[in-house]
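J.: Each chain, letter by letter, is given below.
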Amino acid sequence: MMKKILNDPASYVDEMLDGLTAVHPELYALPYPRVVSRASGAVNGKVGLVSGGGSGHLPIFAGYVGKGLLDAAAIGDVFASPSAEEMADCMRVAHGGAGVVRIYGNYGGDVMNFDMAGETVEFEDDIESTTVLLTDDVVSAKPEEASKRRGTGGMVYAFKIAGASAERMADLETVTRIGQKTADNCRSIGMALTPCTVPQAGKPTFELGADEMEMGMGLHGEPGIWRDKLKPADAITDEMMDRLLDDIPLASGDVCSILINSLGATPHEELYIMYRRARARLQDQGVRIAMPLVGRFATSMEMTGATVTICQLDDELESLLLSPCHCAFWTVMQ
Amino acid sequence: MMKKILNDPASYVDEMLDGLTAVHPELYALPYPRVVSRASGAVNGKVGLVSGGGSGHLPIFAGYVGKGLLDAAAIGDVFASPSAEEMADCMRVAHGGAGVVRIYGNYGGDVMNFDMAGETVEFEDDIESTTVLLTDDVVSAKPEEASKRRGTGGMVYAFKIAGASAERMADLETVTRIGQKTADNCRSIGMALTPCTVPQAGKPTFELGADEMEMGMGLHGEPGIWRDKLKPADAITDEMMDRLLDDIPLASGDVCSILINSLGATPHEELYIMYRRARARLQDQGVRIAMPLVGRFATSMEMTGATVTICQLDDELESLLLSPCHCAFWTVMQ
Amino acid sequence: MIFNANDIQQAMARLSSAANEAKDELNEQDGKLGDGDLGITLANGWAEAMRQQLPEDDLGKAFLMISKSFQRACSSSFGTLVATGMMAAAKSTKGRAEANYAEISELLAAARDAMMARGKGELGQKSVLDVLDAVVSATAGLSNPGEMAAAAKQATGQTLDEFRDKLAGLGRARMYGESSKGLDDPGMLAFQRMLDGLLG
Amino acid sequence: MIFNANDIQQAMARLSSAANEAKDELNEQDGKLGDGDLGITLANGWAEAMRQQLPEDDLGKAFLMISKSFQRACSSSFGTLVATGMMAAAKSTKGRAEANYAEISELLAAARDAMMARGKGELGQKSVLDVLDAVVSATAGLSNPGEMAAAAKQATGQTLDEFRDKLAGLGRARMYGESSKGLDDPGMLAFQRMLDGLLG
Ligand SMILES: Nc1ncnc2c1ncn2[C@@H]1O[C@H](COP(=O)(O)OP(=O)(O)O)[C@@H](O)[C@H]1O
Ligand SMILES: Nc1ncnc2c1ncn2[C@@H]1O[C@H](COP(=O)(O)OP(=O)(O)O)[C@@H](O)[C@H]1O
Ligand SMILES: [Mg+2]
Ligand SMILES: [Mg+2]
Ligand SMILES: [Mg+2]
Ligand SMILES: [Mg+2]
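Residue numbers (this note's numbering), protein chains in the order written: chain A, 4 to 337; chain B, 4 to 337; chain C, 40 to 239; chain D, 40 to 239.
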């Protein structure tokens with residue numbers, strides 16, 4: 004039995020998007036059934052930023068449409084890619100005459116469909132577009148095959164930093180370069196304690212013993228890489244930080260931001276406890292933390308667990324990360 | 004077994020507060036171990052606004068410390084009142100010379116301790132103070148005994164509206180009047196699907212069948228008033244709206260805000276589905292909705308479920324609700 | 040017969056271990072119509088109190104220390120009420136190194152009254168107040184420890200029996216109406232467990 | 040022997056009911072090393088396709104309609120690959136009302152190549168591509184429906200057996216390394232269930 008508040012699983016996504024735009028008509032519009040755009044539409048002369056992917060990850064994807072962030076997002080069924088046609092519409096809506104950057108996570112269906120969509124709008128609408136693919140999840144492939152890794156929390160940094168660059172009216176090449184640099188500088192890892200339920204499937208995505216946790220768990224409940232008895236918060240955080248810092252060694256004087264993200268059910272309280280430890284680890288190495296992010300930034304509906312993302316920053320990226328943005332889920336003030 | 008990310012249950016609250024202030028040093032300070040204040044301290048000449056209560060409800064209480072909201076909050080153990088001494092310290096920290104308003108929910112322990120604290124600071128520090136008590140949860144007592152009701156989501160409106168009044172430098176009497184009017188205009192009801200675990204207790208606060216929901220559930224897992232088979236979102240929302248509108252009949256032309264709040268695990272996606280229905284109900288009655296709030300505003304850690312709060316607004320309250328505020332969990336822009 | 044701070048110190052050890060033993064039971068009972076923290080409340084309160092070294096020369100200061108321990112360690116309703124009661128006892132014994140068993144009924148009555156003022160509760164609402172009040176009456180006029188113990192136990196048990204099937208009228212349990220019938224008030228039960236622990 | 044849009048329309052009904060029957064099994068298999076949506080993907084895709092009234096005069100348009108149905112109804116990897124394969128078949132049959140059974144192997148080969156281009160996958164990586172490739176080879180040169188059916192079934196079963204204990208190299212399953220050994224690739228299994236449903 005699924006413990007969710009919904010009507011018909013088949014209308015879950017559409018009712019959800021309808022509700023989202025009804026709550027925030029000043030922020031979001033729904034020009035197509037599965038395309039969310041800024042209420043004010045495309046910005047003339049600005050590079051358009053789009054993302055997209057399955058539902059069930061709010062604020063990702065639709066939530067991050069807003070000033071200093073995305074221009075539009077294409078939304079699929081829960082954990083399923085939107086269609087190429089929806090993605091093409093999304094790019095058309097975001098196009099302000101200066102081209103469009105597609106920033107999203109490396110998942111088979113999404114990549115195939117966004118590639119199709121890119122070909123379509125180039126052919127039909129003469130829209131120039133580029134791709135920035137997030138491959139930040141370190142456990143999902145060895146470093147030699149880093150380009151095959153899936154994308155998770157790193158998307159948040161890429162949306163924010165490339166979004167700020169586009170908002171400053173940088174050109175397509177620059178926004179793409181900055182987005183790609185951000186993507187290259189992100190490393191993530193996840194862990195989960197309890198599953199979530201995909202409405203149309205109606206049962207939990209995985210099972211775990213009452214005292215177990217799964218390290219390396221993916222954003223869709225893809226099984227993790229190793230299972231362990233539930234450990235204290237500091238030990239969990241250490242294990243995650245070890246993996247991240249193995250993959251992106253940070254030296255004294257380096258600067259990074261860090262995202263401690265809840266997969267949904269894990270409350271802020273527990274994230275703060277994790278942050279304490281993560282911060283201590285970075286400070287031990289002489290790394291300066293710029294604008295830590297702690298909260299629900301990339302979820303899997305009601306899954307219990309957390310992801311940690313490190314985003315290494317140079318001056319250019321740091322300044323863009325700190326610049327203002329506004330959507331229903333995240334405001335950075337001037 | 005408890006599926007939580009923490010170290011020692013005994014240090015849960017202190018590590019949580021330490022983490023919160025470490026993430027947002029520009030917003031929050033911790034002048035005493037269990038007292039959170041604005042980083043910038045009390046505002047000279049402004050009425051101080053304080054709240055307090057048990058941990059486990061973030062953003063309530065500590066999260067709402069910020070410009071246009073609270074000046075300080077006293078934080079107890081999970082679901083337990085802070086001590087009278089901590090509350091007294093909290094009031095001292097918030098005092099800018101113009102008196103202090105205590106705004107909080109009607110729970111036995113909190114009331115006894117805040118009363119003690121008020122007597123203490125009046126006696127020891129000559130601080131004039133008043134109380135605004137939230138009693139918005141309609142199922143917790145019959146209308147004839149409305150003053151015995153517990154306080155839940157209404158606190159969010161009272162913090163925001165009284166906070167805006169204080170920020171406009173209104174005097175103690177005015178801020179108290181406005182806070183009380185807000186409290187009087189709020190009605191709430193909750194429902195839950197799965198429990199949460201108090202770290203020091205180590206086991207779930209209640210048990211529910213796999214296909215059951217509990218209507219009228221309290222913020223601490225106090226059993227609800229009636230149990231039912233899990234129903235579709237619209238039916239649940241209707242049942243909650245019926246109870247609320249029975250208690251505060253709204254007429255065509257009336258204005259209200261509505262809060263659809265997750266108790267923790269219930270994702271935004273489901274809240275939007277509920278909002279759709281709640282909005283339809285209000286619109287059917289010709290009621291105008293001002294600034295709907297949908298999200299996690301008053302939680303019970305990882306509990307699954309939602310609360311709905313209606314706050315009726317007149318021009319004065321509406322203007323204050325719409326005025327700017329800023330904390331880590333809620334920003335209303337100019 | 041008299042008692043002093045040393046007797047209280049020893050009593051606290053017994054109360055603390057009784058609270059630990061009854062912890063799960065009281066949490067569970069409190070969880071039926073409340074938030075399930077009463078066992079923790081008591082265990083933490085007595086543990087904190089037991090850590091204090093009570094002064095030998097002033098019972099008032101000793102009771103004050105216990106009151107402050109409860110204020111610090113557990114500020115839920117019951118903890119605050121215990122703190123309030125201890126504060127009342129402190130006021131009545133201030134400056135004295137010893138007190139007489141014959142005074143106990145009055146000390147309890149002072150505690151009861153202070154707790155009613157603080158919690159705005161009345162007798163008959165099925166709370167710890169009722170059992171306290173029954174013990175006040177049952178021990179009034181007595182001074183023999185054995186007789187007092189027997190009277191207190193008897194009054195406590197009888198009060199629990201009397202109130203079991205009544206409606207709860209105070210605290211979180213109040214709002215459950217009919218379903219509070221048939222359930223012991225957790226605060227009364229806590230009182231009984233403490234009394235049994237104290238008296239062995 | 041030839042086939043036309045009407046044959047495809049009937050085939051879709053069989054495929055759709057096979058997909059419904061295999062739905063839970065495929066979700067479960069996909070859930071072992073993936074996101075558990077493959078059964079839904081197929082069921083939704085064929086249900087949507089079945090709702091279309093295929094034009095009788097142009098097989099190319101008919102395949103295009105099926106492709107668009109999958110694009111609309113299920114855009115996960117497998118759905119998009121099916122859409123891609125159908126698009127390739129559409130290109131090869133454009134403008135013709137009928138096709139010959141002898142062409143089927145070529146049509147499947149065209150689909151295989153288009154799917155490899157779209158998904159950047161290679162043969163030997165334990166995906167639906169391998170089973171498709173095996174069927175292309177097994178049916179090459181045949182034109183008798185019965186013989187083709189037998190050859191396709193045999194090749195499919197054999198490919199599943201061959202790959203079962205290999206490492207997954209594509210899609211979500213890829214990242215589980217050793218634990219993918221011993222498990223059938225869900226996409227291959229889906230192909231087998233569809234084939235069985237189609238051929239009865
Ligand atoms: N206002 C009150 N006056 C007297 N006794 C009370 C009052 N409120 C609660 N109690 C007693 O305290 C018990 C519950 O204590 P506790 O669990 O600490 O409360 P809570 O967790 O609700 O703060 C009740 O069973 C009752 O005996
Ligand atoms: N890039 C690819 N090329 C070929 N086949 C693939 C590819 N990715 C996945 N597959 C096939 O699709 C199956 C999974 O389909 P599906 O569940 O729709 O994927 P997902 O849910 O990960 O998008 C795999 O078992 C495999 O056979
Ligand atoms: Mg309690
Ligand atoms: Mg309590
Ligand atoms: Mg899948
Ligand atoms: Mg999928």
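Hints should not be assumed to be uniformly reliable.
In silico DSS-like pairs for lysine-lysine, Cα to Cα no more than 25 angstroms straight-line [to be verified]:
1. Lys232/A - Lys234/B
2. Lys71/D - Lys107/D
3. Lys206/B - Lys62/C
4. Lys145/B - Lys220/C
5. Lys71/C - Lys206/B
6. Lys206/B - Lys184/B
7. Lys206/A - Lys234/B
8. Lys159/D - Lys151/A
9. Lys206/A - Lys232/B
10. Lys205/C - Lys6/B
11. Lys206/A - Lys232/A
12. Lys107/D - Lys151/A
13. Lys107/C - Lys71/C
14. Lys130/C - Lys205/C
15. Lys70/A - Lys184/A
16. Lys192/D - Lys220/D
17. Lys6/B - Lys234/A
18. Lys6/A - Lys107/C
19. Lys130/D - Lys62/D
20. Lys205/C - Lys159/C
21. Lys107/C - Lys151/B
22. Lys71/C - Lys151/B
23. Lys130/D - Lys145/A
24. Lys145/B - Lys206/B
25. Lys192/D - Lys206/A
26. Lys49/A - Lys70/A
27. Lys71/D - Lys6/B
It is worth saying that the hints were derived from the structure and are not from the lab.
J.: With reference to the structure, classify each hint as holding or not holding.
T.: Here is what the structure says about each hint:
1. The suggested pairing of Lys232/A with Lys234/B is violated, with an alpha-carbon distance near 35 angstroms, which exceeds 25 angstroms.
2. Proposed proximity of Lys71/D and Lys107/D is contradicted: the alpha carbons are some 29 angstroms apart, above 25 angstroms.
3. A C-alpha spacing of about 13 angstroms is found between Lys206/B and Lys62/C, which places the hinted pair at or below 25 angstroms, so the restraint holds.
4. The hinted pair formed by Lys145/B and Lys220/C meets the criterion: a straight-line CA distance of about 18 angstroms does not exceed 25 angstroms.
5. About 14 angstroms separates the Cα atoms of Lys71/C and Lys206/B, which keeps this hinted pair within 25 angstroms; it holds.
6. The suggested pairing of Lys206/B with Lys184/B is violated, with an alpha-carbon distance near 39 angstroms, which exceeds 25 angstroms.
7. Taken as a hint, the Lys206/A and Lys234/B pair is honoured in the structure, with Cα atoms around 17 angstroms apart against an allowance of 25 angstroms.
8. For the proposed pair Lys159/D and Lys151/A, the alpha carbon gap of about 11 angstroms is at most 25 angstroms, so the pair holds.
9. Between Lys206/A and Lys232/B the alpha-carbon distance is near 17 angstroms, which keeps this suggested pair within the 25 angstroms criterion.
10. Between Lys205/C and Lys6/B, the direct Cα distance comes to roughly 38 angstroms. Violation of the 25 angstroms bound is thereby established for this hinted pair.
11. In summary, the hint linking Lys206/A to Lys232/A is supported, as the alpha carbons are separated by about 24 angstroms, within the 25 angstroms threshold.
12. Restraint check for Lys107/D and Lys151/A: the C-alpha separation of about 28 angstroms exceeds 25 angstroms, so the hint is violated.
13. The hinted pair formed by Lys107/C and Lys71/C fails the criterion: a straight-line CA distance of about 29 angstroms is larger than 25 angstroms.
14. Note on Lys130/C and Lys205/C: the hinted pairing is violated, with a Cα-Cα distance of about 34 angstroms set against a maximum of 25 angstroms.
15. A threshold of 25 angstroms between alpha carbons decides the hint, and for Lys70/A with Lys184/A the separation of about 21 angstroms falls inside it, so the pair holds.
16. Between Lys192/D and Lys220/D, the direct Cα distance comes to roughly 23 angstroms. Compliance with the 25 angstroms bound is thereby established for this hinted pair.
17. The hinted pair formed by Lys6/B and Lys234/A meets the criterion: a straight-line CA distance of about 10 angstroms does not exceed 25 angstroms.
18. Straight-line distance between C-alpha atoms of Lys6/A and Lys107/C comes to about 44 angstroms, which puts the hinted pair past the 25 angstroms bound.
19. Of the supplied pair hints, the one linking Lys130/D and Lys62/D is violated, its CA atoms being roughly 30 angstroms apart against a limit of 25 angstroms.
20. Only pairs whose Cα atoms come within 25 angstroms are accepted, and Lys205/C paired with Lys159/C is accepted, the gap being roughly 20 angstroms.
21. A distance of roughly 28 angstroms separates the Cα atoms of Lys107/C and Lys151/B; the hinted pair therefore is violated under the 25 angstroms criterion.
22. A hinted pair counts as satisfied when its Cα atoms are at most 25 angstroms apart, and Lys71/C with Lys151/B qualifies at roughly 20 angstroms.
23. With a CA separation close to 39 angstroms, the supplied pair Lys130/D and Lys145/A exceeds the 25 angstroms bound.
24. As the CA atoms of Lys145/B and Lys206/B are separated by approximately 31 angstroms, the hinted pair breaks the 25 angstroms bound.
25. Distance check on the hinted pair: Lys192/D and Lys206/A sit about 32 angstroms apart at the alpha-carbon level, beyond 25 angstroms; violated.
26. Restraint check for Lys49/A and Lys70/A: the C-alpha separation of about 12 angstroms stays at or below 25 angstroms, so the hint holds.
27. Restraint check for Lys71/D and Lys6/B: satisfied, since their Cα atoms lie roughly 23 angstroms apart, inside the 25 angstroms limit.
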